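Enquirer: From first to last, the protein sequence lines are chains A and B. Counted from 1, the first sequence has number 278 at position 278 by the numbering used here; the numbering is strictly sequential. Counted from 1, the second sequence has number 93 at position 93 by the numbering used here; the numbering is strictly sequential.
In short, the hints are calculated from the structure, not lab data. Treat each hint with caution, since some may be false.
Stated by the list, open to error - Negatives, chain B to chain A, calculated, CB over 10 Å:
id, residue
1, Leu32
2, Asp119
3, Gly186
4, Leu191
5, Val193
6, Pro195
7, Leu199
8, Pro231
9, Val233
10, Pro278
11, Ala345
12, Leu351
Stated by the list, open to error - Going by beta-carbon spacing under 8 Å, a handful of chain B positions derived as facing chain A:
id, residue
13, Val8
14, Lys10
15, Ile75
16, Thr76
17, Gln77
Model, not experiment: these values are computed from the prediction. For each residue, glycine too, the CB sits at the ideal point set by N, CA and C.
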Amino acid sequence: MNAIEVNNVTKSYGAVRALDGVSFTVGKGEVFGLIGPDGAGKTSMYRIMCTLLLPESGTVTVDGFDAVRQMTDIRRRVGYMPGKFSLYEDLTVEENLRFFADLFGTTVEEGYDSVRAIYSQIERFKDRRAGALSGGMKQKLALSCALVHSPSVLFLDEPTTGVDPVSRKEFWDMLGTLKQRGITIVASTPYLDEVRRCERVAFLDQGKIRGIGAPEEILERFADIFNPPGIDHVQGGEVKDENVIEVEHLVKAFGSFHAVDDISFTVKRGEIFGFLGANGAGKTTAMHMLTGLNQPTSGTGRVVGYDIRTEHEQIKKHIGYMSQRFSLYEDLTVAENIRLFGGIYGMEEQEIARKTDELLERLQFADHKNTLVASLPLGWKQKLAFSVSIFHEPGVVFLDEPTGGVDPATRRQFWELIYDAASRGITVFVTTHYMDEAEYCDRISIMVDGKISAMGTPDELKKKFNQPDMDHVFTYLARQATRSSD
Amino acid sequence: MKQFISFVIKEAKHILRDKRTMLILFGMPLVLMLIFGFAITTDVKNVRTVVVTSSMDHLTRQAVDRLAASEYFTITQAVGTPREAERVIRGQKADMAVVFGPDFASKRAGVQFIVDGADPNMAQQWTNYATAVITNAEGGAVNTKMLYNPQLKSAYNFVPAIMGMLLMLVCAMMTSISIVREKEKGTMEVLLVSPVKPLMIIIAKAIPYLVLAVAILIIILLMARFVLGVPLVGSLFWIVAISVIYILLALSLGLLISNVARTQLVALLLSAMVLLVPIVMLSGMIFPVESMPQVLQWISAIVPPRYYIEAMRKLMIMGVGIKEVAREVLILVGMVAVLMTLALAKFNKRLE
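Here chain B stands alone, though its shape is the one from the complex (with noise of 0.2 Å):
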């Protein structure tokens, strides 16, 4: 036991004097939750538009009036002719078009959207906020309730992903390098020539990265909560509990590469682009599993954050209880199994 807690100790002392990469983990995530809270944002605000109205009559006038109003829009332009709108977004003036037909105010109908389909989410939507508009107009014929997140706020989708992808990569990242360090500099080749067990080694240098992860999960969690505004309705134990399994799962994965990687530059790269590329596009945070090709569905099926962000995100921003993320949580628990075998299996006793 010793051992064990002087061994601790030293990993502890490594990652504390090591000031850069401290200032990097615990940067990493408030730079990332300020930028995905406040910079990038997919919510509709301001898209600049031009109408297009051949007649000036009373409810085209109303319709233009509630475009003008909403915070969604802002008519920068009027001119007569379609030809002419798409003139002036060709001309990047304008983000998009709505343009009244001659008829509008009798038959009801004839509305045309001219967009700028450079970002198609982007454009999607925004015909999605300008027929809401103009169709409200006709007296609430279709009315729009959104759940758990009223103000559609990007910041209630991006926080559960940014956890998934924090935590895996410091994880695994760190205890990777941490491990083939110690190979490169030789100190594993004294450390293996001792009687302490290999098993201990690893489990070891395992946690003060599980501390570390615990921290940065509470900083995120308090960021979202106090800076962003997301609401934290779900149970917080089971946040937590099901995010240490998610850091376990992570370190198993870091294990398991610093096998395969001989030097610390292999282990950044595998760690890098093995595991952020796959979390990225294929787990959900970005791009939603439901609409991707079906081959790449069931590759998103391994990808273990898919099943953590998908949790967190019936967690935290529905508030359901752990009934309803039963399956996720089995399947994360699975994979911490599966994955922790194969990783201390694997792990050379002995030099190659």
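Chain A on its own, in the form it takes in the complex (with noise of 0.2 Å):
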């Protein structure tokens, strides 16, 4: 018997066809994937296995339960973690693991073995709210509170969005472990090492199932979208031999604890520098200091000519912000985005106008000059975020894990809009998950406990440690972590 059966499945929200006859089947302790960009329709694929949305035609059964009669049986035996992070922030590690417990009619000590592989992981914690854990962390914990009640089917909404790569393997190991005992899981992902971990995968896109197949196969006949040829990155020319950063011995302590411990480089004119590390390694609180919202503790810097310690103000005028939680104003449109972000640098009404039509025109995107952000694919929010953040033309551009929950096409023409950013001499400073994207960089460092442990450019790197690619490298690095992670 099939542990979900999904049959010609149709949701629609409004006039927004989400779901378009969608049929699947998923073997009892097959681990799935359930791949596509965002926006293709895997949420409301997931809420309706979860019998929280009622499909508008079409059959779906899990467990042998029909999903819109048979609600109650499906909620005893499923798990789900959504995609957002999806615990209570205020109560401690082990409160949430006894609610979740108390919920599902189990207690922690019955269902300690379910959950024992991955919360012995966090158990030190136990006593610590879950809103002060690490990205990694957090997952971890969401994982334990759908496990504790030894569901057959688990359900997981990219459950690694915005981890890094270490916890990201760890928590597919664990699902690994999962399967042994029989659990079905439905898992989704955009990244590709881990759509490689499934048995078998099914491609969403548009709301339409394109292909079903072994991950391999799905990858290779999709190739144009997950595997897009890598970008000829000429380097050279450029760069300039003309420091826009330079930090000295750079800390930053809270109490006893040193957040960024003694950190040293220097990053040149028009130059991509990759700032990479594990969640809770520094990165955040580095780059902090370095756009002036923080004081450092001790140490010096020089971002664009100024000094990160008392010329803030004038630091925030010259450089560029981009992060993956704030963008752009949902609720304005392409045009009135720019146009506020223009304004807010003090440009002109007649430059911001002109620039405007310019790079919209750039960008083909023209046509989308009065459309509200809130309507925009999440690849194209990203793509223009970037351009608003260096339409001022700044020195340097800082970009806070840019391409989150994107699919390898998209992030390959986000990566092209950077490249065409540093040869007009904009440095660019960026951190991130994904690996191949530390590949596309000038020069990368990476952060272990608060230090900066290897700096060069990603074949010195490779050589210098020994391992065929940067995934390996970083792993390698980061595994040496002494520090918990968070």
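Dock chain to chain to rebuild the complex, using the hints, since each chain is given by itself in its own frame.
Expert: Next comes the structure, spelled out in structure tokens:
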């Protein structure tokens, strides 16, 4: 008997058809990947399988129960991790787990065997509030909570977005142990290495299943989306011998805890500098000091020629910043967003208007000038947000995980924009969890435990640590971390 | 049952760990009681008065003295003509003028009041008081006796109104926000995809707020009795019992709001605007229902706090028995039944 049978399911929101005749089956104990770009209909599909949404037509059975009529039976059998982080941040780790155990009519002691592999890794933080955990640990806790009642089917909606490569590997190792216990797993992910760990995957795009099969087969068939040819990055020429960022012995301490522990580096004009590190290695803190949001405890630094201790107002005027969390105002149109940010940086009205047209022309986006940002696909939002962050021609732009949650083809387009900016002399300072993106950088540094443990070009690092690719270099270094990943 | 208790405990922790909200929840009753009890008062006291006399005979003198001697009026000036008095009032130097006609002594009539009518209610009260003080001189032709509130303290009137407002705000606003927060954070999805009955989620959410509301009720009652000196003459049992009915009503309203609202901000605005404005304006809290236009009176008939405030005034201040407030209580119970059914029936077992 199949664990899940989805038969010709259709679901619309108003005029938008989220799912259009979707059918697939998942065998008992199978690890099944549901992959596709943002907005493909994955979340709707999860919600229908979890009985949270009613399909308009078609049938869904989970463990032999009908998702429409036998809601209660299904809800007793499944574990579900929604895409958004779904724990109570003001409860402690242990309180969260106990609450979910009670919710499913079991106890932590009874369910401990099912969560031991995962929970034992975070158990030493059991008195810490969930909100204070790092991304990777939050995901482990959420998984523990979803597993405590030993469900027979587990639904994971992009469980590892924003989690560093090492934690992601551990997470999928745990899924492997669950499979051995006969638990059926349906998971979605934007990471190719995770796709490869599924037994079968279904590629969902614009509400339709484009193909189902073994991971390699699907990745091969849709290679233009999942495995776009690498970008030819002509290096040299643009990089001038002029330091845009200079940092010496920078330290940021919170009490006795040194979040950033004596880092020194320089970034040259026009360079693309990758700033890598596991969750909690101190990347964000370091970036806050460079952008003037936070005062260093000791050490000196200059960004575009201004002192980060005293001249942060000047720094803010001459840098661009884009983060995954905040990009553009969703309820403003494309043109309105550009005008707002141009205005914030004190640009002239006429110049803004001229450059707006120029920019939209170059992005081939002129038709959408007056479209609300909320209605754009995520990949487009990110490209726009990046273009807006360099709209005032800053000396350096800081990108904090700019490409979370989008497919490889869209990320590749994004990197073309980055190269374009770098060739115009804008220095790019970028953090990412995608190791293929790390390969795109001119130079990278890898932070471990608040210190920079390696720095150089991707090729230099691969040679130095004798590893085949950046993914292995990163894993090799990050595994040496002694301090907990938070 | 264990699920239920665990749920209530979790909800209580959310509330207790949010220190700022707790501070507001318990600070608000204290501050409101003190403001309404001491600062905002509609009591007549120290009204700056100008007297206008053309001839200072014995009777006029007596009347002026009585005005001056009463705690209600302070004579600030004496002038000769009404025109001058008006100028003093327009110059913000006085609130009202008492003009004694030249034949006041002989005819025992001919008194004119010139009053700053910027606040019509207060102006009306001043003239009433002034009339009483002056005519009482005639040998007590009219004798007023104020039942239930002999000193005409406004706290007597406001305490039930504050109870009606605060309990509604705390319960409706806090429950709706706490449910919508779970929707926003995505935890509601996980709760729904669990064997727990949706009905249980709702009831478990409401219980800590019920306890909180009762605590606030006790604070208000204690302050009313011991700080503001409002007598609690009616049966304490019925005061608390009716308040609990009213709290249930507010909780159901909060639930209804949480069904409609998608974000915490919307929930906050809905409960603040849609609930607060009618409560303050139409429940008889500040403006008497009887003097409203007919249409507003009809609308006020469906504003729940109206009946609660009415019942509390009767019970607390007048000290009547439960029979005299039976009508209000029945209406409240009916409203709770309707709203609660509606809220529970409308609660989404699935997402939209």
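Enquirer: What are the numbers of the hints the structure violates, in ascending order?
Expert: 3, 4, 5, 6, 12, 13, 15, 16, 17
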